[in-house]
Amino acid sequence: MSKFGKGEKRGMPALNTSSLPDLIFTILFFFMIVTTMREVTLMVEFRVPKGTEIEKMTKKSLVSYIYVGKPTREWRARIGSGTQIQLNDKFASLYEVQDYVYQEREAMKEIDKPFMKVSLKVDKDTRMGIVTDIKQELRKAYALNINYSAEGRN
Amino acid sequence: MGKRSVPELNSSSTADISFILLIFFLTTTSMDTDKGLARRLPPPPEDNMEQEDTKVKERNVLQVRINAMDELMIGSDMADVSEIRARAKEFIDNPENLPNLPDKSPREIDLLGTVYITDRHVISLQSDRGTSYSKYFEVQNELVAAYNELRDELARRKFGKPYLQLSEEQALAVRSYYPMKISEAEPKNYGNK
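Residue numbers (the numbering used here), protein chains in the order written: chain A, 1 to 154; chain B, 155 to 347.
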């Protein structure tokens, strides 16, 4: 009777998903290009201060990082909640800063060595005492280009 | 000869594989672009050499001190962070050639000719061991902002463009007109005396 509903079922045609992998690959490549590998697992918590006059750091290969802040929760039970310095993947004392700088510098190409930069990622609630101590150590190690890591603010 | 049909490769799982890759990269990489305030430290003092204080006239120094309570002192009076920028700008520029602000000396600068600039001024920033880093950073930021504003004003006046759009030589001229001289003095411990 009815014109409709006879013959074979009118199913939805299957959606062609053959381009889905390409799509995902595009996103994948995007992320591979714009992101950088995380070099260290952070063992200290820090929130960098906000500033208006900050500049972008160029050339990641020239930069070494020093993290200063309070230990993350899983470490706090073991070593307390005092401010700590993290170099590479471990907590370090002040006296290891110089060695760290020398090591980092050794790992660089000869022409890059004079342009070495140290980025200080310091929690904003840190006392200046420890920061000044680190700065003095950096001076002794002739790592004079430093960068106070910060976030933008309007 | 009958053509043997090649069965099509089932590629429906490629999407899943690439998803896994994508998630792997999302978790192991970070997008944080590193930004910050670039500074240059003075070289270490030589041990065998008697530390020779370069004589700086009093009018050429602007003392900025922060104590352990994060209180601020500019010169000899208490001040607020918001005042630093204006004070520093006035100090660096010395527009009216006042006798208590830095003295000016003639300098030959490319593109600008002979100009009178306060190239002997020093801003000395002193902090206590108990000062909080955020305060210190804020003050540093304001000082750099003072320089940047002065440079920008000069750039607009002389070249009609903001500082950031100047060519390499123009920017160099502006930079040598207002050389950045922020000295990070040796730390003092005011608290434990």
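Hints in this document: simulated from the structure, not taken from any laboratory. Among the hints, erroneous ones may be present.
[Unchecked claim] Listed below are the simulated DSS-like cross-link pairs for lysine-lysine, each with C-alpha atoms no more than 27 Å apart in a straight line:
{"#": "1", "chain 1": "B", "residue 1": "K335", "chain 2": "A", "residue 2": "K50"}
{"#": "2", "chain 1": "A", "residue 1": "K109", "chain 2": "B", "residue 2": "K189"}
{"#": "3", "chain 1": "A", "residue 1": "K113", "chain 2": "A", "residue 2": "K70"}
{"#": "4", "chain 1": "A", "residue 1": "K59", "chain 2": "A", "residue 2": "K113"}
{"#": "5", "chain 1": "B", "residue 1": "K243", "chain 2": "B", "residue 2": "K258"}
{"#": "6", "chain 1": "B", "residue 1": "K189", "chain 2": "A", "residue 2": "K50"}
{"#": "7", "chain 1": "B", "residue 1": "K258", "chain 2": "A", "residue 2": "K56"}
{"#": "8", "chain 1": "A", "residue 1": "K90", "chain 2": "B", "residue 2": "K312"}
{"#": "9", "chain 1": "B", "residue 1": "K335", "chain 2": "A", "residue 2": "K59"}
{"#": "10", "chain 1": "A", "residue 1": "K56", "chain 2": "A", "residue 2": "K109"}
{"#": "11", "chain 1": "A", "residue 1": "K113", "chain 2": "B", "residue 2": "K189"}
{"#": "12", "chain 1": "A", "residue 1": "K90", "chain 2": "A", "residue 2": "K59"}
{"#": "13", "chain 1": "A", "residue 1": "K124", "chain 2": "A", "residue 2": "K109"}
{"#": "14", "chain 1": "B", "residue 1": "K289", "chain 2": "A", "residue 2": "K140"}
Numbered hints the structure breaks, given as an ascending list:
3, 7, 8, 13
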